[in-house]
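The primary structure of each chain is shown beneath.
Number of protein chains: 8
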Amino acid sequence: MLDWARAARTGTSEAVLCEPKSAAQVDAIVSEALALGRRLLFTRLSPRQHKALSAPSRSALDYDAQTRTAILGGLPPERRAGRVAIVCAGTSDLPVAREAERTLAFAGETATLFADVGVAGLWRLMDRIDEIRRHRVAIAVAGMEGALFSVLAGLVPCAVVAVPTSIGYGVGRGGRAALHAALASCSSGLVATNIDNGFGAAHAALRVLGEPAPSLDAEASR
Amino acid sequence: MLDWARAARTGTSEAVLCEPKSAAQVDAIVSEALALGRRLLFTRLSPRQHKALSAPSRSALDYDAQTRTAILGGLPPERRAGRVAIVCAGTSDLPVAREAERTLAFAGETATLFADVGVAGLWRLMDRIDEIRRHRVAIAVAGMEGALFSVLAGLVPCAVVAVPTSIGYGVGRGGRAALHAALASCSSGLVATNIDNGFGAAHAALRVLGEPAPSLDAEASR
Amino acid sequence: MLDWARAARTGTSEAVLCEPKSAAQVDAIVSEALALGRRLLFTRLSPRQHKALSAPSRSALDYDAQTRTAILGGLPPERRAGRVAIVCAGTSDLPVAREAERTLAFAGETATLFADVGVAGLWRLMDRIDEIRRHRVAIAVAGMEGALFSVLAGLVPCAVVAVPTSIGYGVGRGGRAALHAALASCSSGLVATNIDNGFGAAHAALRVLGEPAPSLDAEASR
Amino acid sequence: MLDWARAARTGTSEAVLCEPKSAAQVDAIVSEALALGRRLLFTRLSPRQHKALSAPSRSALDYDAQTRTAILGGLPPERRAGRVAIVCAGTSDLPVAREAERTLAFAGETATLFADVGVAGLWRLMDRIDEIRRHRVAIAVAGMEGALFSVLAGLVPCAVVAVPTSIGYGVGRGGRAALHAALASCSSGLVATNIDNGFGAAHAALRVLGEPAPSLDAEASR
Amino acid sequence: MLDWARAARTGTSEAVLCEPKSAAQVDAIVSEALALGRRLLFTRLSPRQHKALSAPSRSALDYDAQTRTAILGGLPPERRAGRVAIVCAGTSDLPVAREAERTLAFAGETATLFADVGVAGLWRLMDRIDEIRRHRVAIAVAGMEGALFSVLAGLVPCAVVAVPTSIGYGVGRGGRAALHAALASCSSGLVATNIDNGFGAAHAALRVLGEPAPSLDAEASR
Amino acid sequence: MLDWARAARTGTSEAVLCEPKSAAQVDAIVSEALALGRRLLFTRLSPRQHKALSAPSRSALDYDAQTRTAILGGLPPERRAGRVAIVCAGTSDLPVAREAERTLAFAGETATLFADVGVAGLWRLMDRIDEIRRHRVAIAVAGMEGALFSVLAGLVPCAVVAVPTSIGYGVGRGGRAALHAALASCSSGLVATNIDNGFGAAHAALRVLGEPAPSLDAEASR
Amino acid sequence: MLDWARAARTGTSEAVLCEPKSAAQVDAIVSEALALGRRLLFTRLSPRQHKALSAPSRSALDYDAQTRTAILGGLPPERRAGRVAIVCAGTSDLPVAREAERTLAFAGETATLFADVGVAGLWRLMDRIDEIRRHRVAIAVAGMEGALFSVLAGLVPCAVVAVPTSIGYGVGRGGRAALHAALASCSSGLVATNIDNGFGAAHAALRVLGEPAPSLDAEASR
Amino acid sequence: MLDWARAARTGTSEAVLCEPKSAAQVDAIVSEALALGRRLLFTRLSPRQHKALSAPSRSALDYDAQTRTAILGGLPPERRAGRVAIVCAGTSDLPVAREAERTLAFAGETATLFADVGVAGLWRLMDRIDEIRRHRVAIAVAGMEGALFSVLAGLVPCAVVAVPTSIGYGVGRGGRAALHAALASCSSGLVATNIDNGFGAAHAALRVLGEPAPSLDAEASR
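As they're listed, the protein sequences go chains A, B, C, D, E, F, G and H.
In our numbering, each residue's number is its place in the first sequence (first place is 1) plus 4.
In our numbering, each residue's number is its place in the second sequence (first place is 1) plus 4.
In our numbering, each residue's number is its place in the third sequence (first place is 1) plus 4.
In our numbering, each residue's number is its place in the fourth sequence (first place is 1) plus 4.
In our numbering, each residue's number is its place in the fifth sequence (first place is 1) plus 4.
In our numbering, each residue's number is its place in the sixth sequence (first place is 1) plus 4.
In our numbering, each residue's number is its place in the seventh sequence (first place is 1) plus 4.
In our numbering, each residue's number is its place in the eighth sequence (first place is 1) plus 4.
One thing to keep in mind: the hints can contain errors.
As the list claims (entries may be wrong) - Simulated pairs of lysine-lysine, DSBU-like, Cα-Cα distance not exceeding 35 Å:
{"hint": "1", "chain 1": "B", "residue 1": "Lys55", "chain 2": "D", "residue 2": "Lys55"}
{"hint": "2", "chain 1": "F", "residue 1": "Lys55", "chain 2": "E", "residue 2": "Lys55"}
{"hint": "3", "chain 1": "A", "residue 1": "Lys55", "chain 2": "C", "residue 2": "Lys55"}
{"hint": "4", "chain 1": "H", "residue 1": "Lys55", "chain 2": "D", "residue 2": "Lys55"}
To be verified - Ranges of calculated distance between the beta carbons of each label pair, as one might list FRET restraints:
{"hint": "5", "chain 1": "A", "residue 1": "Gly86", "chain 2": "D", "residue 2": "Glu36", "range": "52 to 58 Å"}
{"hint": "6", "chain 1": "F", "residue 1": "Glu23", "chain 2": "C", "residue 2": "Asp134", "range": "53 to 59 Å"}
{"hint": "7", "chain 1": "A", "residue 1": "Glu36", "chain 2": "F", "residue 2": "Ser26", "range": "32 to 38 Å"}
{"hint": "8", "chain 1": "G", "residue 1": "Pro60", "chain 2": "H", "residue 2": "Lys55", "range": "29 to 35 Å"}
Hints were generated in silico from the structure; no laboratory data involved.
We treat Cβ as the ideally placed atom computed from N, Cα and C, and that holds for glycine.
Take these sequences, add in the hints, and give me the full structure.
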């Protein structure tokens, strides 16, 4: 049973972490939400899990395989834009960046995505930095050595949320190198989420904006 | 030479990380700032370093040994209050919490400090949670296992910045356990700074509020 | 050959760790136990391993795929209840919680399971805390950041055995973050087992209650 | 201010972790407890800290340098014995073993100490194993490779709490090897505390016995 | 091309590490050895790799799937026995123990295998300790917490070579806990090989006995 | 879109890291390059990925499965030789060594490959050391314990770039042991790349030679 | 006895690592070199060690406390310049940068030092990048998150040797974060030395330039 | 009380690990041994501890500050030689090498010490390899990257015991890099002790030779 009382208590709606759930469990949550007329965001729902869902669940969900997210009940009719920039270092980091983008969209916030602006080609970032600066929050997504975090935070005054990704090999495998780069940054006032946590970064951005956010609750259902 | 041009570029004033600097280097920065009539924040200035400064530097600086910070030029005459809560788990975590408080004060923001509200005595936190919820940003400071971060983020809707501290022993020594607790939290939308980085958390809070913040720049002087 | 003399020496019956065993080895143990009329608990028997067992073994075993346990010879006719609480943070942690529950049942102890009481929604735990306090031992099962351990141990006076699970990603992957949270806890008198060790926690609870427990012996057969 | 309400809530008295406190803070706690006529246990009070206390504090405290503990108000007049065995591998592990012993004594429990029974000379342990088996809880204290934990837990049916110590060098430095030996043990039903946490093990033993225990609360005073 | 000159230089014959080799590469080595009439030991040859070999290779090799070793040219006609004991903690550790046994047999040394003598059931080891003591070298094979190493080395005067295995989960996964137990042992004069290195331990035993040993040379072929 | 302007800026051509890209993305890059008449190097293109490419892509690419590299547009007509030595410890390290060789060939540099010269058979290295010394750069490729790096750097005066490989097991798994051997070497003036980074070592050699090198840019395409 | 034959063999002169040596050992090396009329470089000679040297040694040595280096016999009369750039992120990294500079000077190479060009203030680096590009080798020195390495290697075509420093705290303590940033860099062709190894980077630069370099040999004296 | 019965049981005499003992404890052991007329070896007795001993203890002990060992009762009158070679990479590793030498001497075995034969100057090792080969056991002592272990084991057929030392900095600090080099070696049949464990290596050599060895027993006294 989902904790439908949460919204009342913390001003947020619920999100469902699907990775450790069976298809039957996800189906049950979809049914219950449909019956109650609730919107829901599902995260870390793999293509294989999605394929195993019942036909009604599949037709009710707007599924995106790249980000492994599904939305039930559509996006809010009214949306704000121009407040959150998502700055993404490389192609490989896009799934995480887009998970953040989808989470924000679900909450009614249209983010601006800046892709392929890693520091190996600094001029690509510099060309767009003025545009990025106009946002209230910047979500920076990078794997490997995560140098983007420091460079970006040194150039913009707004809140910067670093999302290290698990892209990399050797000492970069798993994302620890990028995470440590964010935390040990010489640019001050930078904060970080867990590795690959695009959902969490979006939620953090919504907290910054003072907006009710979907809360990803690992304990949300039985 | 300090990078006095920074404020113009990023809207922030400069802060000086003193740990790796000699007394002579700090004295030179104080003199230069006095000559230019600039305010400055000094961080990680140990009592031993402070004692080694020249008499003029010492009389010009408002030094606080617990937080190892010094302020040159006093606090801003106008200050905002009630927007940042600092929630501190235990007595041992106070120096880090107060480093954040001093940094915010230097930037004109009066924070509210909630001390001794660790989760081992959950009722102490619950007694004050309504008061904490009224702030726009909560800086949570905790060492050992860092359970405070998840509990707090699950109870308030505002931006929560976790500052893990190095307080602990055994597997808790050095602060990694508390840091990982913040990053792996089951409460979503929580972000973290490096271990013991009260300054960084304050700067992050100022970025959230949209206020120009002092930037701690390790490369700021020669 | 199983060490049937163990019960005589340590007052416990034997359990069989199946993960590193072949189907033939497990079949042989089942046959031998059937011939001797002994009850046995099998742990970490994967569905694939179970499927590879001989037909007689399969029909003799009461197998549970979620917990990967099988019971030979049924549960004891007389069972005690109300002495062990199993407190489980999230849906993903249930397999480990239920492995503990099955192990206790095999030893004649009916545990009370409290599911979905993680700290991200603290009210769910608080609603049931008085009920939990009535037990003599609480087994707490949580992954990710493991904040449940400290919160629970700060609220109940009984023995608390923390079982960190491997649920999590990024810095939480593999369960180290949750394990360290249990060990570095600011709530005192908390003890921990290895990651995902629901069987061990049940055995520890039985030691606390002074009951003979099934002993999982990795060297038990040839 | 100490949380004097704790005893009422959790049935435990308070203990004071002194390591991160100043002499003035400890003096204040002593004064307050004396005024209220409360008994108190102080842990991790180094000889240097103890020397810096005020004369009244020093004369009021029963201080033990080896275990870095101090007791205010003496031991309880009535004490139980024979229920907790403390099994200590080597001379170097004695300070941790004796911290557990003092904590138990403060709570009215007289433990039996078995010293110098490490596995390098297995006959020493075997000579005393029957005596150890008569206790309801065994606290095992060992550093280096921590082999004592598995050997002991394989020989006694009672609750076994492993306390790894930081004694060792090379891969044994800091106590991780001993901690992992306790957690990965092939003897089942063994539980562990943090490295060097003799206080915590004693508290765990009291939880097992169903006795109110002193709670070491890092957040206990201001 | 194998380095056939090695035997002349170091008094050892050659062994072939197959894990990183293709079937074609192994086939070529077999052909060359057959043509030269040389005996060869092949290690870490998986069943899948073995199945992919040419028919002539397969019929020429004496393959053992459990240990993933193959012998070309049979065992030496004259063999010594009673000098090397292989002491194995549990069933799961047997493949590594038997890799050592096969390597010794290839070199003309018949080892005595002591299985299922882990410390969780100490009486099993004690029953056989006098027999083990009669050997000149003892190879101890154990995973999980590796307590067997210290117990054994404390009871026998001969050379003891510890082979930690990767058997275990949680903090025991991969074998680091067992390895550190061997290295940090309180029993002195114990030495260790890499995790799962049964071949290496056999070679070390042969070095102790002063016998020419097969040398596993990762760079042996092109 | 590839960053075709890069060559103009840094004097290098572009290389494409394929591991995180879909077949469609790689196909698009191939088409675009064909249309523009550009040469391109593709790295970490697995056989499975290669098989999934479109027929035109497959026929345009010169693919090498062992090194997982593909070349579009052939090698440069004029090539330099005798300046870069690639010194490879064992058979298992060859794929990484050959990735370096292919990268150099793509840039017009024919390297000399010295295979099977690991330190377990030191005479093999010594036999060829005079030949190696004649090159301006030596790329040393080794896994396991990486002793080759120190031995080689102590014997030749030229630039030595160590490429640790992930070949190994136990403490050698993943390549950290070999990497640390390179970095902590007692032979001075040795430098290292990330684990398994044959491409990077080749690029480093080209930087040493002052030649334009293909730049592997993770952010190179959309 | 120093290995005076080394120069003849590898074309390099000798350097002496002083950290683990006694004053008497260093004095003996100085005497011997004076007697032979040899120039020598001494590294990691702490001020305390230097103070303990004999008067003749002290007067013969040109000692620099910041870099802990001493030069015997002066610099070479002829020196090359403009080939090696040393790019240093922050004030705290200067001792390592200057150790490289002194080592190069001892070998007759005058390096150009670019200080205070860390990425937190990217404009400072950009202002000087054209000047840096004119060198054949760039030694980049940075601690904390080491973002400078990637930014610099993306902007210059020459050989780039990264020297991570141990400057930092929390996850940055000890220099692993900076080291991993260099190794996992998204800018290709970058190589790294051990943490704080300014001497090694200078030696690597000399290898690149094809110049005989002083070899720091830990085994150089008795 | 020392375990004087040990010699009878395991054929070894006792050694005393002094690091964690007080001066009074060591004095008591010396007195007892003098009274019983026993010889004893004391290890890890720091100069500061030695200075704190009573005058009678100090005059009875033959103390060596470099190795931190003391011998009571002199060396055995009859000694064997030429069976154990100690091969030491660098000056900094000598204290560990000489601890092994002293331990062997105490047991009546005169070892041959080969100093300054690290692989950075391979010719020094090659010059002496024939002499080393004549011994039955070689103890190899090296820090930093530990390349000596593989090179030596590839050149001699006898038993090789690697003792990694804690000499090194950066990734080499503490000795893990050298330890892993020994364990992951491409030269087979090599075994290792804990970091800096010269005593243990000597004991292992005595086990190889079949001689009663002093046993370092951390639990030996009260």
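Starting from Lys55(B), check that the Cα of Lys55(D) is at most 35 Å away, please.
-> holds (25 Å)
Are the Cα positions of Lys55(H) and Lys55(D) separated by 35 Å at most?
-> holds (25 Å)
Consistency of beta-carbon spacing, Ser26(F) to Glu36(A), with hint 32 to 38 Å | With Cβ atoms ~35 Å apart, the hint holds.
Between Glu23(F) and Asp134(C), does the C-beta distance stay in 53 to 59 Å?
-> Distance hint for Glu23(F), Asp134(C) holds at roughly 54 Å.
Sort out whether Lys55(E) lies within 35 Å of Lys55(F), counting only the CA atoms.
-> Judged against 35 Å, a Cα distance of about 25 Å means the pair holds.
Compare the distance between the alpha carbons of Lys55(A) and Lys55(C) with 35 Å, and conclude whether the hinted pair is satisfied.
-> holds (25 Å)
Are Pro60(G) and Lys55(H) spaced within 29 to 35 Å by their CB atoms?
-> holds (31 Å)
Would you say the C-beta atoms of Gly86(A) and Glu36(D) sit inside 52 to 58 Å of each other?
-> Given about 56 Å between the Cβ atoms, the range holds.
In this structure, none of the earlier numbered hints is contradicted; all agree with it.
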